[in-house]
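> Residues per chain, in single letters:
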Amino acid sequence: MPIVLIVAEQQPDGNLRKATFNAISAGKQLAEKAGGELHIALVGKDPSKVADELKGYGAKAVHLGAAAELEHYLAETYAPAIAALAQELKADYIGMASTAQGKDLLPRVAGRLRAAMATDVMAINGSGADITFTRPMWAGNVFADVKLTTPVKVLTLRATEFPAAAGGQGAAEVKTFSPKVEASKTKFVDFKEVKSARPELTEARVVISGGRGTKGDFKEIEGLADDLGAAVGASRAVCDAGWVPNDLQVGQTGKVVAPALYIAAGISGAIQHLAGMKSSKTIVAINKDPEAPIFQVADYGMVADLFKVLPELRAELAKLK
Amino acid sequence: MKILVTAKRVEDPESKIKVKPDGSGIVQEGLKYKINPFDEIGVEEGLRLVAKHQGEVVVVSIGGKEVQEQLRHALAMGAHRAVWVNHTGPVDQLGIAALLQKVVEKEQPDLVILGKQSIDDDQNQVGQYLAEFLGWGQATFASKVESMESEQEKNKVPAIVLTADKKSVQVIREVDNGLATVECQLPAVVTTDLRLNQPRYASLPGIMKAKSKPIEELTPAKLSVDVTPAIQVLKMSSPPARKAGIKVADVPALVEKLHNEAKVV
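Heads up: the sequence lines are chains Z and H, in that order. Just so we're aligned, residue 766 is where the first sequence starts under the numbering used here, counting upward by one. Just so we're aligned, residue 17 is where the second sequence starts under the numbering used here, counting upward by one.
To be clear, the hints were calculated from the coordinates, so they are not data collected in a lab. Misleading hints may appear alongside valid ones.
Calculated Cβ distances over 10 Å to all of chain H for the following chain Z residues [to be verified]:
1) S790
2) G821
3) E985
To be clear about the criterion: a stretch of chain Z counts as covered by chain H if any three or more of its residues have a C-beta under 8 Å from a C-beta of chain H, and this derived list gives those stretches [said to hold, decoys possible]:
4) 794-808
5) 833-844
6) 858-867
7) 947-955
8) 1025-1038
9) 1073-1081
Backbone N, C-alpha and C fix where the C-beta goes; we use that ideal spot for every residue, glycine too.
Could you build all of it, start to finish, from the sequences and the hints given here?
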């Protein structure tokens, strides 16, 4: 029976990263299509604290590997642990959310197992041995259906394309194992968190993004975001200029988002940016240039100065409450 | 320091990519080609490191004879010499990493710098595969704290820091919710993110000099690597187009639409 192993991810604060639940639902879909079963793995210094959270998603088993050496995430120490577990379970598929950690770790796991890999999988097609994956190429301008022909197949899963798994599907068996620990030539030095009271970009229901048109003044964007409980995003130009933290970049090479509402203020809409937000349900574009490409993907466009529109928008939205 | 940097040939990121009607690939006519932008950042970082610590930047590309254009571009930026792995058939990321592993074993660099991904396949795998194959440390998504407008950037200070004993590098990595710093023993593999540096332009003297810099030719056969791909691209298609939206005249009209039609506020 085909085995699908989904790797869960703990944030530095120990909580599960939400994209894990999107990856679990993709893994469940894959297990159903392959006619196999879903397993979930988590390794780290203390994975047991989130064990209960991982139990209710219809997995056959949740495998927890604890080791002091795994305190700080490093691809070099996590990859042997995951690869050894996958070999022991005879996993056919290994998947993880397309987070920074997923993209750093899984190719190293794949390398260890000489497995072919598909990055940013958006859809799982076919069934049995004929499963193919749809993934973006050329900054999302092309969707490719790919088949992996190695015995073990490795995937990162784009969280915005799979719903977060619903819990309450029975209690999976929780198994602990001793992760394979190898000496590392890399050591963790520090992690500087960008702290924000606003929701995480990839998890927010509403995203307000600013581009070059803001000239670096994000006050109105942040104000509107706080009014709506939204996350703040930015175009590449704005991050490059150092006006906002890099972590806010929306685009093919930054964060890929798909909120219910995406408001692009002063963003022209380069291909690279569009690839990161085109899947949003409703898109609003505010830009002075009527020819800006952002208007081609916007449901509602306003040709106007964002510094005039945003305060008005905040006042008008306040009336709805 | 001896630094090996990759220079993949890719479609110009500004060009319009269209899928062929039969889904067998993309329309090649009218496309321009460039060095992968992330690799170009890698070349720049390599040049900054050897400017500070002495050494040599060797640039490598895999493909038909046309990839010599990208190698010459990197040589014109200042790289010292080039390695061209002549291969015209299909190859996947496993194959590329296996070829690079052989080139690394031959060249014995202290550091390999690659783009975190190439802007055609967008796979983000080769650096990690290579580090694993070599048993080396990896630091992906290399970035820095300073902005592109900073003094450090203007003075072309390398963002990758060689430790005092010269046996390791410290790399700042762009990850979710912040920046992580790791220290890798040399030799190591680093992959570049967007904000590591702003690559220099090739100067006219640089372009002239590049013409006489050596390009060594290798092949998968010479390197004893089987590059039969394990990834089959069965079909390509265009993403579904969003239906055309409307322009609204003023803010009350926008809010009315968002509230009553889209029902998102």
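> Taking beta carbons only, do three or more residues of the region 1073-1081 of chain Z come closer than 8 Å to chain H?
holds (count 4)
> Can the region 858-867 of chain Z be counted as covered by chain H under the rule of three residues or more with Cβ-Cβ separation shorter than 8 Å?
Since 3 is at least three, the answer is holds.
> Does the region 947-955 of chain Z contain three or more residues whose Cβ lies closer than 8 Å to a Cβ of chain H?
Held - the region 947-955 of chain Z has 7 residues with a Cβ nearer than 8 Å to chain H, which meets the minimum of three.
> Using C-beta distances, would you say chain H covers the region 1025-1038 of chain Z, given that this needs three or more residues below 8 Å?
Holds, because 4 residues of the region 1025-1038 of chain Z bring their Cβ atoms closer than 8 Å to Cβ atoms of chain H.
> In terms of Cβ atoms, is chain H entirely out of 10 Å range of S790 of chain Z?
20 Å, holds
> Report holds if the minimum CB distance from E985 of chain Z to chain H is greater than 10 Å, and violated otherwise.
For E985 of chain Z, whose nearest Cβ neighbour in chain H is about 13 Å away, the distance exceeds 10 Å, so it holds.
> Cut-off 8 Å, C-beta pairs, minimum 3 residues; does the coverage of the region 794-808 of chain Z by chain H stand?
With 0 residues closer than 8 Å to chain H, the region 794-808 of chain Z misses the three-residue bar; violated.
> Taking 10 Å as the cut and beta carbons as the points, is G821 of chain Z off the interface with chain H?
25 Å, holds
> Taking 8 Å as the Cβ threshold, is the statement that the region 833-844 of chain Z is covered by chain H upheld or broken by the three-residue rule?
Contact hint for the region 833-844 of chain Z vs chain H: holds, 4 residues under 8 Å.
Against the hints set out earlier in the document, a violation occurs for number 4 only.
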